[in-house]
Amino acid sequence: MSKPKLVLIGNGMAGVRTLEELLKLAPGKYDITVFGAEPHPNYNRILLSPVLAGEKTLDDIVLNDDAWYTGHGITLHKGKKVVAIDRVRRCVRTEDGTVAGYDRLLLATGSTPFILPVPGRDLEGVVGFRDIRDVERMLEASEKHRYAVVIGGGLLGLEAANGLKKRGMNVTVVHLLDTLMERQLDKPAAGLLQRALENSGLNFKLEAQTEALLGEGRVRAVRFKDGSEIPADLVVMAVGIRPNIELAKAAGIHCERGILVSDTMQTFDPQVYAVGECVQHRGELFGLVAPLFEQAKVCANHLAEFGIARYQGSVTSTKLKVTGIDLFSAGEYQGGPGCEELLFQDPSRGVYKKLVVRDNKVTGAVLYGDTVDGAWYFQMMRDGTDISAFREHILFGQAHMGDSGHGAESHAVRLAEDAEVCGCNGVCKKTIVDAIIQKKLFTLDEVRTHTKASASCGSCTGLVEQILQSTLGSDYSVSPAKKPLCKCTDLTHEEVREAARTQGLKTIPELMGALGWRTPDGCHTCRPALNYYLLCQWPDEYRDDPQSRFINERVHANIQKDGTYSVVPRIWGGVTNPRELRAIADVAEKFQVPCVKITGGQRIDLLGVPKARLPAIWAELGKHGLVSGHAYGKSLRTVKTCVGKEWCRFGTQDSTTLGIELEKMTWGSWTPAKVKMAVSGCPRNCAEATIKDFGVVAVDSGWELHVGGNGGVKVRATDFLCKVQTDEDVMEYAAAYLQLYREEARYLERTAHWIERVGLPYVHSRLVDDAEGRKALCARFLASQRKAQTDPWAERAQGAEKHEFEPLTPQERNNHACIA
Amino acid sequence: MNSWTPIASLEDIPRQGARIVATPEGAIAVFRTLDDRVFALLDRCPHKGGPLSEGIVHGARVTCPLHNWVIELDSGQAVAPDEGCVRRFPVRIEDGMVAIVLPDTLVGT
Ligand SMILES: Cc1cc2nc3c(=O)[nH]c(=O)nc-3n(C[C@H](O)[C@H](O)[C@H](O)COP(=O)(O)OP(=O)(O)OC[C@H]3O[C@@H](n4cnc5c(N)ncnc54)[C@H](O)[C@@H]3O)c2cc1C
Ligand code: SF4
Ligand code: FES
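Sequence lines, in order, name chains A and D. Heads up: the first sequence at position 504 corresponds to 510 in this note's numbering, and the numbers run straight through without jumps. Heads up: the second sequence at position 27 corresponds to 115 in this note's numbering, and the numbers run straight through without jumps.
In isolation and in its complexed conformation, chain A is listed as follows:
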């Protein structure tokens, strides 16, 4: 049976990326043929600048060598330019007469450098900066000649100029405007950049209009409108690019500035897809790799006939790949009406930062000299984070927001090669940079899987993104505005929850079926999330799926590194008594528990219990009234208290009793991530309530409520929510707050991250301003708790889920056994 034929025109970054994505989704679906005008296999075009600068070789930047094409059964025609598409006969023809038929056609012809229409443009020594041949011509010139002129002071021009200077040429950058990189930088940042580049030896001629290139045979000089001339043996035109649409146009495919495509990357002819710099999507053209890769993903999804992905445009950011220069820009960097600008300047350190803010949301950023927070700002732009809560500190960076992971001095670029970037997995900078180059990685996800950096606690994510950026030049990791739940779907957490609610989907298989999951039964990322979402949405009806729970929750104990478990009984509000202590001590002795530890949450941890003994230990603890402390779950963990009014000289309220009441109300509830609470009897705050998910601090006239604290990986002090008078108020707020978090946060998102994402004002509006809404949330919480508060230990001690704890025993060899 013959397969449908897919033909790709354009062996560049977007086209081949589409093939890669397609091969992941539906290997072997098509007979694939690729035409590339260049005589090379697919290479990383954006690393041409480092090749020119002598920092990398051409071999370093090949993305897929010939063997890759052969290995995937792809026919590759290198150095063959397609000159005609016959849409009626469905075939394409090259310059030398090669013909290939297609069922689906993919156009990825990129763009061509714009060459100024001035006299002398055809002279020898005048080049664009686009492909390997251009680089080769520049290198050749640098060996024989002295004077180079780069026309165009944008990203590409400056990278070319930097490279040529490093190759020993005397370089002048000519620019029409009075500031460099005007599409990415505002004036002050551009000024800093110009000074730094001048110090490194580049010459600039700004506000200069090129009139002609002079010379016979080879270029000799550049003449300007004002009559002045400068010598030039090499002229690099870097004044812009034009989508390469001639071929498509000639074939009658609708084009404007680029080839028009829909959200599914289809052109006006549905058999013909297009991706990359040659396309125009919702009126926009894209000239950076990150959005093109998003397009590639969507296109592959449709070529594989999954038919569920949509391309909705991208927000992009840029970084100049000139060693020693730290520069980042993204979004609406210029500001304008309706915007505010937050500015930070420290000329002696050469640091300049500007954030453009609209309605308390970051919409643009320009950073010069210190770009370590670029990824953080960019993330906020994409998430639409409300910054009112930390606006005063935002320009000082994430390090000042209580990120204990790495200090403020951690500039990715200046970081030593052997500096440790990811503390959890012991990954140093060099390992990451090498992996990016050698394994050809582009996204944060890829770096995570290949190096494990930032794969655990994630506190070094920003730094890893910076390293990606400084190695590759732009922010690949975060182009999609929409982050899918996992690789099995393109839907976000929110979309999945919404669908479950509105379409009445009540089991995991139903959800996966209705929403077009790519895998038969999901993966370890989506299944636990779906299980939680259904549990939260349908508390009375949903039957928990143990196989979609992480082992800790499945067996109600913490798995430890050696495969044993630890057991933590609940100690209500941190208050215990001799009877309970004796029971715990007896159990520890009887079961020879190797380690007994007081935890940070005022409880006792019994470590090193083999799995098979868990039910027996639980039965014993249960006899003395001890129940599971849920120390293993995405659920309420502890309520820490101080001794309060009853004992303390300073106490003004009975914090202990309130803590116990809170714990009795909330224990057993499943939440998106673990939840910790605390109650302190006075502002001295001995229970450390201001680093808990929900903290209560007594003041003379009642209680202060604090939310969104975290004492873990990334320390975050709580935000003050409001003050209330009575214990009953505290209970109502706590329940409503937990329910809001349960209903709206993404799975595995701690309250700290959730609040940073949605903003304190939002939480305030739902809990404080809307008394009725609060009561309704509280009621829903209490209703869901009716089913939740059963002690899982007691159930299992009585034999529930027995198979979990008992190994199988090989049976006597009876007549089932046979000799093979």
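No lab work stands behind these hints: they were computed from the structure. Just so you know, not all the hints are guaranteed correct.
Computed list of lysine-lysine pairs in DSS-like fashion (alpha-carbon distance at most 30 Å, straight line) [stated by the list, open to error]:
#1 A/K489 with A/K458
#2 A/K603 with A/K629
#3 A/K211 with A/K193
#4 A/K436 with A/K446
#5 D/K136 with A/K808
#6 D/K136 with A/K30
#7 A/K651 with A/K30
#8 A/K651 with D/K136
#9 A/K35 with A/K11
#10 D/K136 with A/K629
#11 A/K436 with A/K193
#12 A/K255 with A/K9
#13 A/K567 with D/K136
#14 A/K680 with A/K670
#15 A/K670 with A/K489
#16 A/K793 with A/K781
#17 A/K720 with D/K136
#18 A/K808 with A/K512
#19 A/K603 with A/K567
#20 D/K136 with A/K603
#21 A/K211 with D/K136
#22 A/K493 with D/K136
#23 D/K136 with A/K458
#24 A/K150 with A/K62
#25 D/K136 with A/K436
#26 A/K651 with A/K729
#27 A/K489 with A/K436
#28 A/K808 with A/K793
Reference excerpt, derived from the structure (chain D facing chain A, CB under 10 Å, subset only) [claimed, not checked]:
#29 I144
#30 V145
#31 V158
Cβ atoms here follow ideal geometry from the backbone N, Cα and C, with glycine treated the same way.
Got chain A; can you put chain D with the ligands on it based on the hints?
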């Protein structure tokens, strides 16, 4: 010479789950997928020895509970970019009974 030892009925192993069989050479994890295929692997993750039997089973793969390596149940191979392999044991279903070739019979005692 391989001899098959029945270890359980298929129903004894939860779908998308696993049970273990203790052997002198260590525990063997016997997995059952959503579509009722069975696989047997040594219960030691090639990464740091995590108990694979405790992982989440999806498709014909299991994710180790300790550090999320993903292991192919049919080959015992870690899914790229992780590298490593875990020992497999022959296993089959006959008349609703799961039978396995245990390691001591493999070495031919
Ligand atoms: C020097 C340089 C530095 C850059 N730096 C960055 C950066 O730091 N960050 C960033 O995000 N982006 C950067 N870019 C931009 C990035 O490289 C492009 O956005 C990206 O390569 C576009 O991908 P594409 O597949 O659309 O086009 P291309 O990669 O250009 O591929 C198009 C291919 O189609 C071929 N082709 C065209 N017509 C035909 C035909 N008729 N028949 C056969 N083949 C044909 C061409 O030969 C070409 O190989 C840089 C670009 C350059 C040139
Ligand atoms: S928080 Fe206040 S009441 Fe509680 S122990 Fe500390 S000082 Fe005493
Ligand atoms: S031990 Fe299995 S992933 Fe680490």
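Now for the hints, and whether the structure bears them out:
With a C-alpha separation of about 20 Å, the suggested pairing of A/K489 with A/K458 holds against the 30 Å cut-off. In summary, the hint linking A/K603 to A/K629 is supported, as the alpha carbons are separated by about 22 Å, within the 30 Å threshold. With a C-alpha separation of about 16 Å, the suggested pair A/K211 and A/K193 falls inside the 30 Å cut-off, and the hint holds. For the suggested pair A/K436 and A/K446, the alpha carbons sit about 15 Å apart, so the restraint of at most 30 Å is met.
A distance of roughly 27 Å separates the Cα atoms of D/K136 and A/K808; the hinted pair therefore holds under the 30 Å criterion. A C-alpha spacing of about 28 Å is found between D/K136 and A/K30, which places the hinted pair at or below 30 Å, so the restraint holds. Between A/K651 and A/K30 the alpha-carbon distance is near 63 Å, which puts this suggested pair outside the 30 Å criterion. Of the pairs offered as hints, the one joining A/K651 and D/K136 is violated, with about 49 Å between alpha carbons and a cut-off of 30 Å exceeded.
At roughly 9 Å between alpha-carbon atoms, A/K35 and A/K11 fall within 30 Å of each other, so this suggested pair holds. Between D/K136 and A/K629, the direct Cα distance comes to roughly 37 Å. Violation of the 30 Å bound is thereby established for this hinted pair. In summary, the hint linking A/K436 to A/K193 is not supported, as the alpha carbons are separated by about 35 Å, beyond the 30 Å threshold. A C-alpha spacing of about 29 Å is found between A/K255 and A/K9, which places the hinted pair at or below 30 Å, so the restraint holds.
The straight-line distance between the Cα atoms of A/K567 and D/K136 is roughly 9 Å, inside the 30 Å bound, and the hint therefore holds. Proposed proximity of A/K680 and A/K670 is supported: the alpha carbons are some 17 Å apart, at most 30 Å. Proximity of A/K670 to A/K489 is assessed by CA-CA distance (about 37 Å); at most 30 Å being required, the pair is judged violated. Under the criterion of a C-alpha separation no larger than 30 Å, the hint pairing A/K793 with A/K781 is consistent with the structure, at around 20 Å.
Taken as a hint, the A/K720 and D/K136 pair is honoured in the structure, with Cα atoms around 27 Å apart against an allowance of 30 Å. Straight-line distance between C-alpha atoms of A/K808 and A/K512 comes to about 26 Å, which keeps the hinted pair within the 30 Å bound. With a CA separation close to 16 Å, the supplied pair A/K603 and A/K567 stays within the 30 Å bound. In summary, the hint linking D/K136 to A/K603 is supported, as the alpha carbons are separated by about 25 Å, within the 30 Å threshold.
This hinted pair does not check out: A/K211 and D/K136 have alpha carbons roughly 60 Å apart, beyond 30 Å. Taken as a hint, the A/K493 and D/K136 pair is honoured in the structure, with Cα atoms around 25 Å apart against an allowance of 30 Å. At most 30 Å may separate the alpha-carbon atoms for a hinted pair to count; D/K136 and A/K458 meet this at roughly 15 Å. Only pairs whose Cα atoms come within 30 Å are accepted, and A/K150 paired with A/K62 is accepted, the gap being roughly 21 Å.
In summary, the hint linking D/K136 to A/K436 is supported, as the alpha carbons are separated by about 24 Å, within the 30 Å threshold. With a C-alpha separation of about 19 Å, the suggested pair A/K651 and A/K729 falls inside the 30 Å cut-off, and the hint holds. Proximity of A/K489 to A/K436 is assessed by CA-CA distance (about 28 Å); at most 30 Å being required, the pair is judged to hold. At roughly 21 Å between alpha-carbon atoms, A/K808 and A/K793 fall within 30 Å of each other, so this suggested pair holds.
A least Cβ separation of about 4 Å between D/I144 and chain A falls short of the 10 Å threshold, and the interface hint therefore holds. Using the Cβ-Cβ criterion of 10 Å, the hint placing D/V145 at the interface with chain A is satisfied: the shortest such distance is roughly 7 Å. With a cut of 10 Å, the hint placing D/V158 at the interface with chain A holds, because the nearest CB-to-CB distance is about 8 Å.
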